[in-house]
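**Q** Chains B and G, in that order, are what the protein sequence lines are. Using the working numbering, read the first sequence as starting at 71 and increasing by one per residue. Using the working numbering, read the second sequence as starting at 22 and increasing by one per residue.
Each hint can be trusted.
So the derived label-pair ranges between C-beta atoms look like this:
1) G/G502 - B/I84: 56 to 64 angstroms
2) G/R80 - B/I96: 32 to 40 angstroms
3) G/D416 - B/N81: 47 to 55 angstroms
Since the hints were made in silico from the structure, they are not lab data. The model shown is predicted, which means the values in this text are computed figures rather than measured ones. Don't be surprised by glycine CBs; every beta carbon is placed ideally from N, CA and C.
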Amino acid sequence: MNSFLNWITANQQIIYIVILMVFVGIEVIGRVPSVLHTPLMSGANAIHGVVIIGAIIVMGKAESDNYLALVLGFLAVILGTLNVVGGFVVTDRMLEMFKKKK
Amino acid sequence: MEFDILTICYLIGSVTFILGLKMLSNPATARRGNLIAAFGMSMAILGTIFLYRDDNGNRLHNYGWIFGGILIGGTIGTLAAKKVKMTAMPEMVSMFNGMGGACAALISVVEFNRLIKDLSFTLNPRLSDLRLVSLETYLSKGELLIILIGLVIGSISFAGSMIAWGKLNGTIKDYSFKGQHLLNLLFLFLILMGIVYLMIEISKGFILVGGVHITTLAWVKSIFYGVFAFALLYGVLFVMPIGGADMPVVISLLNSFTGVAAACGGFLYNNKVMLTGGILVGAAGTLLTILMCKAMNRSLGNVLIGSFGGGSAAAAKKQHGAYKEITLSDAAVVMAYAEKVMIVPGYGLAVAQAQHACHDLEKLLTDRGVDVKYAIHPVAGRMPGHMNVLLAEADVSYDQLEEMEQANEEFPSTDVVLILGANDVVNPAAKSDPASPIYGMPILDVDLAKTIIVNKRSMKPGYAGIENELFSFKKTSMLFGDAKKVLQDLIAEIKQL
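Work the whole structure out from these sequences, hints included.
**A** This is how it looks when you write it as structure tokens:
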């Protein structure tokens, strides 16, 4: 019990961020008209590609003789970039068409 | 100094994500919102590459690998995203989502191996180290839990997205067997047990300083990979029995899963931009999933157990009633001399790539003085908003797209409803037959219009696998054929009038 309370205090910043972001995420989405649902899903998909940063850190920290970390990290960087770049480009393509008819 | 700049990069990144999502919610700002989020993402990525330092102040290395990976991923991603057809958009989103999930899972694998390696270094059977070691245990326990959560969620998201991708492009068929839900629950249980076991085993290994550690470590490793494998299997089995009509809901759910997996990375590296981005998508994706379920008047649980596919088997057996066909020239006359025509696009339109032909027909009719509108059901096609995107590609004006509520008010004053490859979203059983699996789902009340023309490829039931009694209504006539071809022929006929 005590260690759990300590853990909360030690990580309060992160806990605050999580709680606030949950509300922000819900608020932001709540106002989206259904016409924009597909681009929105695609845009959100691109944003969670932020996981690439983790891949870069893993890759950048790997010792040069640790082949497992090098290979998996390299793969993770490729996949993460696919997620980010592909996600944003696809979303832009969708939205470009929405704009044309304005 | 450098580190402060990185913090600012991350701050900007986080703000642009929120701003981007917010701007995406308005058609006028949506495109800019996407670009802003992309800009913030680039800053966060570049900042990480050049400015990141670990706890000991070391820079990152292996730049060749990093840039190589980004170059490969970026090239493939851009090409794939540029080349994909608008009809295949949902598959593409599912695919990219799976890539993100796989990335999170791989990070967890590497981090787990690092953690285990660190542990085996600290596993020094000197009693004096005992206090230090147990403190380490305490710290790495939280880390281990985060790694495991990231691994499990990332793997489920990856495997599930790949199955969803396969289902949407038709390479994977719906597949379910008796007791599958029990098996799924069993897998979930095994995964949870694996996590609990690993957590306990790691702390045990430390209390017993010296002795059996080496074997314990090998054992712990194999349990870890077991959890990895089970999570992948679970992802496959979890999506497998869910019917194609529910894929949008599944993709949206997996999208929020990947968000949470990314947030796990944020915990692991105490990285605020990963945390904000991940949680933001996790929360927003979950809400979007629930909204989509609501549009179909079903609970999320109901979608996930996949009762749609199995439960409706009995209803699907019902014979379809008598229906009548209409010739192309008759259909052309009816539409050309109508005052108001509503077009109801559905998945059939997307498959046939008929959006441009559809727009041509609409222009032709408008030129003849017919009032033409589109009635868009929120879950028509394979993703919410799918029809909007398709029609936007064909330059259909926004003002002509009517959402369900608006459209339902206009049907009574409509002369002709042209249904293009839509089925379940216009099935009156959703209102009249409590035994129907789609009972309660809001539909487009096309039967209020004077005449209904239905274009379908055949009398086969739609995605939900249920018959549609609308097709045997007196005012309904069927116009069989591929949507694109039928529309082109209609246009030719109308031009001759």
